[in-house]
Amino acid sequence: MPTTLTKSIYFKMVMFWSVTFLFATTGCFYTFSITQSWEIPFLACLFYLSLACFFTKYWIELPYKGYYSGSAIPILLATVDVGLWFGGVICIFTSLCTFIIYRHSLRTEALNFLQYWISLLLVSLFLDWGKSLDTNSIWLYASLLMIAMFLYELTSFILVSFYDWASSNKSFLWTDVKDYAKEAFMPVLISIVLIPWPYINMHYDRTYYLVSLPILVGLFLLFGKLVNSFNRMRMKTNSLVESFGEMIDQKTNRTHHAIQVGKIAVLIGEKVGLSPKELDVLFHAATLHDIGKTALLDHLWTRRGKFTVAEEKEYRTHVNKGAEIIKSIKGLESMSTIILHQHEHYDGSGFPDGLKGEEIPLYSRIIRIASRIDRLQVTPPSRSLTEALSSLGKKELDPHLVEICKTINISGLYPENNTPVPPSKAYDFITEIKNELYSSELTKHIDDLQIMMYSQQSLQMIDGGVFSYPIDTFKSCIDETLKYKKTKRDIVRFDNNQLFGVTCIPWEEENVLIIAHQLSEILHYEQTQKQILRNIYRDVLHAATQGKLEIIDHEEFQTRFFDFTLPVLIRVKEDIALARQPFMDFLNGLSVSKELKMKILLCVNEALTNVIKHADMGRCGFRLLGELLEYSISDNGNGINLETLPKSTLLKGFSTQHSMGHGFKLMIQYCDHIVLSTGNQGTSILMQFRLDESGSPKSSVH
1053 MPTTLTKSIY FKMVMFWSVT FLFATTGCFY TFSITQSWEI PFLACLFYLS
1103 LACFFTKYWI ELPYKGYYSG SAIPILLATV DVGLWFGGVI CIFTSLCTFI
1153 IYRHSLRTEA LNFLQYWISL LLVSLFLDWG KSLDTNSIWL YASLLMIAMF
1203 LYELTSFILV SFYDWASSNK SFLWTDVKDY AKEAFMPVLI SIVLIPWPYI
1253 NMHYDRTYYL VSLPILVGLF LLFGKLVNSF NRMRMKTNSL VESFGEMIDQ
1303 KTNRTHHAIQ VGKIAVLIGE KVGLSPKELD VLFHAATLHD IGKTALLDHL
1353 WTRRGKFTVA EEKEYRTHVN KGAEIIKSIK GLESMSTIIL HQHEHYDGSG
1403 FPDGLKGEEI PLYSRIIRIA SRIDRLQVTP PSRSLTEALS SLGKKELDPH
1453 LVEICKTINI SGLYPENNTP VPPSKAYDFI TEIKNELYSS ELTKHIDDLQ
1503 IMMYSQQSLQ MIDGGVFSYP IDTFKSCIDE TLKYKKTKRD IVRFDNNQLF
1553 GVTCIPWEEE NVLIIAHQLS EILHYEQTQK QILRNIYRDV LHAATQGKLE
1603 IIDHEEFQTR FFDFTLPVLI RVKEDIALAR QPFMDFLNGL SVSKELKMKI
1653 LLCVNEALTN VIKHADMGRC GFRLLGELLE YSISDNGNGI NLETLPKSTL
1703 LKGFSTQHSM GHGFKLMIQY CDHIVLSTGN QGTSILMQFR LDESGSPKSS
1753 VH
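With the working numbering applied, the sequence shown covers 1053 to 1754.
It should be emphasised that the hints constitute simulated quantities derived from the structure, not laboratory data. Keep in mind that the hints are not guaranteed to be accurate.
Claimed, not checked - Calculated lysine-lysine pairs in the DSSO-like style (CA-CA distance at most 30 Å, straight line):
id: 1; residue 1: K1373; residue 2: K1538
id: 2; residue 1: K1277; residue 2: K1303
id: 3; residue 1: K1651; residue 2: K1665
id: 4; residue 1: K1379; residue 2: K1303
id: 5; residue 1: K1600; residue 2: K1538
id: 6; residue 1: K1345; residue 2: K1600
id: 7; residue 1: K1535; residue 2: K1447
id: 8; residue 1: K1537; residue 2: K1651
id: 9; residue 1: K1382; residue 2: K1329
id: 10; residue 1: K1379; residue 2: K1717
id: 11; residue 1: K1373; residue 2: K1535
id: 12; residue 1: K1527; residue 2: K1315
id: 13; residue 1: K1600; residue 2: K1447
id: 14; residue 1: K1365; residue 2: K1329
id: 15; residue 1: K1373; residue 2: K1527
id: 16; residue 1: K1288; residue 2: K1365
id: 17; residue 1: K1600; residue 2: K1408
id: 18; residue 1: K1408; residue 2: K1288
Bear in mind the structure is a predicted one, so any value in this text is a computation, not a measurement.
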């Protein structure tokens, strides 16, 4: 049984085709009745026909959407010069051209022909009325031709809009009129201006007519070329913005988030009624909305779980930093306000300025809801997308935009999400995760778990016990939870140096559920596991490098090389040359081969460069012990992650922000022995080079 909507569309389509057929049939009878002579000026007909097919093939792609072929120019000129019947013939040929070239359906081409024919019929009636004015003024008739061209385009557009209204739920006429007027204004205006001049020349001398028409057509094609150049530039701009978006996603460990938010924002913007140019601005702002996150510390995107209070404060600065970055980019300055207010909530609970309702820029509200939709698609909630958005309406999201989002279709953006997961498989997955969690060794080390309720400025234990720690310890985390109505995490230290992990969850009314647990046992367990892992890496890398690489901890490094002072300080790039020069002078005083000197300098230069790349400050020094030349360098960076240690030491070309860089493989190759210490205190490296006896003066330290 067809739905009410289907019935409505069916009725409108029947009405559309009936009216169209009536007009077309009337036009055919009218043409037959006014045709007095079937004499055909062959060359003129061939010229008009060729020109119409040429325009159909080389159309102008409008800047934002739609096309303009310009075939109306030869159709209208042929109607004036030869007759209405020949204008109809050209309409048939142009429809055949588009059918052959673009493989349109017969239904589409039939619609195109009827559109052209009915428009041409009305124009012919208008021109016949113009002739009845009984004037010999060519200029007056030329003016009538300009009006006729406008009438032709307007009738054609109304018919297309009528069809869209009949075949879908699009609003009739007004919305499309505004878009079409903005898009096609210039090519239509040029066509209107072009039409009279060949006619005027034709009445003076047909030679002028044949010369002027190609010139004017050339001007039309030149305009088309300029428009196409603009389109190519626009596509390059969009491609560049998308590349920036991919780069931002790599920084924040997201997959296609930036571009997806941009596409969703455009779908919402179209429903809101933004112009094509405004949609471009919205797409650029939405794709770059996370650009401020590139200025934040990396550990925010690699950590697991919720942010601590301090991390949350750091995270919230990304909108300010993003706005500053956008301000500095020429041509994008106007988007800085959009980026700044993207995290404002409709109820005023967002940041950075606590704006609410219509105070928040429209584009910022659209980007907020688009980002939410993408997050819900990537991490599907237990309820539907519509339900999830509705629950956020009037609080975080604009309720009007929420209603609009219920009407858009984004399934094409997430093809992998179109197939629902069977409930049985989802249950099995959850059960598997629970079993892994309960069997985890880490959960066995959670000690002193406390569950409390904060209510009316006081803490109450859920089990009725007494919590001996002061309430001020959790105050900042509780305040953040009450202010933003979101779960917050923090780490607090008590007077006895005990560490507690605190999770505050907003509860009904103004209450907060607090879960606190001792971290001492967990930290001890993690440190033990890291030490075991470090020992494994140490033994494996020692064997893989044939004993060249020795990994020790920070304390052992300080003990073994305590008498090795590092006098040269390295902070900026210019310090590298200052640090390298004394060593080069010292090395030139030794009787060693040029090949060995080159290898030593390559290793030293790489080590010095890595300090600037991966730390704020470093120190270096060198000494000679008998025939052993030692060069040591230490920095205050974050150290090398254990997970990347094998790659950063053994793979040529591997480098991350926390690795020692692509030169570590070179150091292992050229050094006789390397001692490495890396951790939270920074990274220290001691490189040893064995010299010939001839190049071994007495021991010295530098």
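Consistency of the hints with the structure:
no.: 1; hint: K1373 x K1538; result: 23 Å, holds
no.: 2; hint: K1277 x K1303; result: 39 Å, violated
no.: 3; hint: K1651 x K1665; result: 21 Å, holds
no.: 4; hint: K1379 x K1303; result: 21 Å, holds
no.: 5; hint: K1600 x K1538; result: 52 Å, violated
no.: 6; hint: K1345 x K1600; result: 40 Å, violated
no.: 7; hint: K1535 x K1447; result: 13 Å, holds
no.: 8; hint: K1537 x K1651; result: 60 Å, violated
no.: 9; hint: K1382 x K1329; result: 18 Å, holds
no.: 10; hint: K1379 x K1717; result: 42 Å, violated
no.: 11; hint: K1373 x K1535; result: 23 Å, holds
no.: 12; hint: K1527 x K1315; result: 41 Å, violated
no.: 13; hint: K1600 x K1447; result: 61 Å, violated
no.: 14; hint: K1365 x K1329; result: 36 Å, violated
no.: 15; hint: K1373 x K1527; result: 28 Å, holds
no.: 16; hint: K1288 x K1365; result: 37 Å, violated
no.: 17; hint: K1600 x K1408; result: 63 Å, violated
no.: 18; hint: K1408 x K1288; result: 36 Å, violated
Checked against the numbered hints above, the structure breaks hints 2, 5, 6, 8, 10, 12, 13, 14, 16, 17 and 18 and satisfies the rest.
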